[in-house]
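Could you slot chain Y onto chain V? The hints should help.
Number of protein chains: 2
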Amino acid sequence: MRVVGKAMLFDSPPVIAGSAGVAGKKESEGPLGSDFDETYQESLLGCESFELAEALMQQNCIMRACADAGAAAGDVQLIISGDLLDQCMASAFAVKGLAVPFAGVYGACSTMALSLALGCVIIDCGASCVACAASSHFCSSERQFRFPLEYGGQRPPTSQWTVTGAGCAVLKNAKAAADGVRITAALFGTVRDLGIKDANNMGAAMAPAAASTVYEFLKSTDTAAQDYDLILTGDLGFTGSELLYELMEKEHGVDIRGVHNDCGMMIFDREAQDVNSGGSGCGCSASVLCSHIIKKMRAGALKKVLFTATGALMSPTSSKQGQTIPGVAHAVLLEV
Amino acid sequence: MRVVGKAMLFDSPPVIAGSAGVAGKKESEGPLGSDFDETYQESLLGCESFELAEALMQQNCIMRACADAGAAAGDVQLIISGDLLDQCMASAFAVKGLAVPFAGVYGACSTMALSLALGCVIIDCGASCVACAASSHFCSSERQFRFPLEYGGQRPPTSQWTVTGAGCAVLKNAKAAADGVRITAALFGTVRDLGIKDANNMGAAMAPAAASTVYEFLKSTDTAAQDYDLILTGDLGFTGSELLYELMEKEHGVDIRGVHNDCGMMIFDREAQDVNSGGSGCGCSASVLCSHIIKKMRAGALKKVLFTATGALMSPTSSKQGQTIPGVAHAVLLEV
Chain V
2 MRVVGKAMLF DSPPVIAGSA GVAGKKESEG PLGSDFDETY QESLLGCESF ELAEALMQQN
62 CIMRACADAG AAAGDVQLII SGDLLDQCMA SAFAVKGLAV PFAGVYGACS TMALSLALGC
122 VIIDCGASCV ACAASSHFCS SERQFRFPLE YGGQRPPTSQ WTVTGAGCAV LKNAKAAADG
182 VRITAALFGT VRDLGIKDAN NMGAAMAPAA ASTVYEFLKS TDTAAQDYDL ILTGDLGFTG
242 SELLYELMEK EHGVDIRGVH NDCGMMIFDR EAQDVNSGGS GCGCSASVLC SHIIKKMRAG
302 ALKKVLFTAT GALMSPTSSK QGQTIPGVAH AVLLEV
Chain Y
2 MRVVGKAMLF DSPPVIAGSA GVAGKKESEG PLGSDFDETY QESLLGCESF ELAEALMQQN
62 CIMRACADAG AAAGDVQLII SGDLLDQCMA SAFAVKGLAV PFAGVYGACS TMALSLALGC
122 VIIDCGASCV ACAASSHFCS SERQFRFPLE YGGQRPPTSQ WTVTGAGCAV LKNAKAAADG
182 VRITAALFGT VRDLGIKDAN NMGAAMAPAA ASTVYEFLKS TDTAAQDYDL ILTGDLGFTG
242 SELLYELMEK EHGVDIRGVH NDCGMMIFDR EAQDVNSGGS GCGCSASVLC SHIIKKMRAG
302 ALKKVLFTAT GALMSPTSSK QGQTIPGVAH AVLLEV
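Protein sequences, first through last, are from chains V and Y. Residue 2 is where the first sequence starts when you use this note's numbering, and the numbers rise one by one after that. Residue 2 is where the second sequence starts when you use this note's numbering, and the numbers rise one by one after that.
Bound-form chain V, shown alone (with noise of 0.2 Å):
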């Protein structure tokens, strides 16, 4: 690996050996509902809380990944992933019963780039196999977040639907992998907080994080906008992607326009599902990358990806205190 700026560029790039995103109904019901690899009618999967619901969604996900990679849960040698739900109780109890070693991970909704990235560095320095994964749930975030699902409280244009999804992506060296999307590069990012303190206006809180990812990355690779198909991020949604061109425009000079789109516009139809500003949570860009965006790649449609997943770093406890929210981008450049 070589740190060049801010930019880490890996020597011999991790292939995504297999990957999975599985979502929910409603995610179903969107424009990639026929992406995802599995798909829950019931938001409950059976058990006994929202939470266990999302634990055994990512369980199933990362099972699905790993068979997608050819490898037994014996070949995995870390399972890398976080969730939005506090002390990440949905990673740890996905991963309890796979007797795989666990590195638990918190970015809010930049967590599958995240995990990703901390896997990358573990591959390229000698590891073999190693398992990124990130999910979210409606049912489980919005009661922890916001208010009491039956409240049903109205919901501002600036809000974001929580996606109930999950990713896991499955890396392995060159050596074992011969073919496949390869992770070259990643940035981890930096925090900044321009005074958002609205939980319901999350884009905002986190374009300006996803602004600096994503400049200080072309500078530190020397690349222009115009050099990748598509600058994914997610998930600022419809508020905040809009944020994102006008700070990307005047702090850095740079228009992504032609060539971005954000996770959590592309989940849901706007329109006819009724989610305001787009969909969120880490579900959401880890489900959209690990199902759609891959599955473009290994089709040839899109060979280099910048995906910068954003996240929003308040708790409930801060934003009952009054404080802001601070926002964090992580990226990762894939390519094939």
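Source of the hints: derived by calculation from the structure; they are not laboratory data. A hint or two may mislead.
Copies of the same chain are indistinguishable here, so a pair counts whether it falls within one copy or spans any two.
To be verified - For lysine-lysine, the following DSS-like pairs were computed, each having C-alpha atoms within a straight-line distance of at most 27 Å:
id, residue 1, residue 2
1, Lys305, Lys220
2, Lys97, Lys296
3, Lys176, Lys297
On a predicted model such as this, the values are computed, not experimentally measured, just so you know.
For chain Y alone, coordinates are given in the frame of chain V:
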């Protein structure tokens, strides 16, 4: 890096170029009080909330460790840190003013070993300077996990006292820092759950994970307990440590009594300070390692320390839902 069994052995072992351990008033009055680099006599540190006080304490600790390492903020390529608060609030707010890339981790009280293990991989892979940190605060933790502070609930004999403290170690590659304590190996732990449900008996919940991690490390590196000056768990406390001895003997036939100590047993005077089974919290093992232990290693009084931090991966939600407590333990080997 070479993966041998479950251990990762570093080809060019990262050096702990600087470190700092800070703590609160009660900790300053304990047996290790004089070893902390800074202590705070007031729980709020002048902040509006205990959560922000914890964030400030962690930030102070990171800056002290950087100063000890002769590193300006701009030299640090990544801060890896975590804490016990929902959504790792203390870490997010600690780093948001520092303008350094940030990777959040969650391992409950195992966080210091988790951040060190990941930091070592990144240094071994090619980075030059990474800061690894963890914190906890009695007041922010107790009210989150158990009862309002004002309630004054009676504490059972197995309960542990959450440490107000933080630790940070700044890792550099061997080229950048010739001298110092080196981390020569790491092992990411596997989650174990033997069915403990009592959040006031975390030692019992974590002991099985500690036993697995210590045993796997000895097996993978083909070493015996007696090859170490110290096998340092953190923070099983008195109850958990006794269970660790029992599990190591019954499951693996290994007696570690002669070389074992536990950060939760070391940080307080058990009788005089009324802490029942000892200290706990990510800040316990972090502050003890990054002040007392590293100072002893620098002075040559300890040469080979297997630091095995242990975490109880319950959340207030999982406890209220009657779930068991999954445990995890991560290990790093410090040598001088």
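Exercise. Hint by hint, which ones does the structure fall short of?
Worked result: 2
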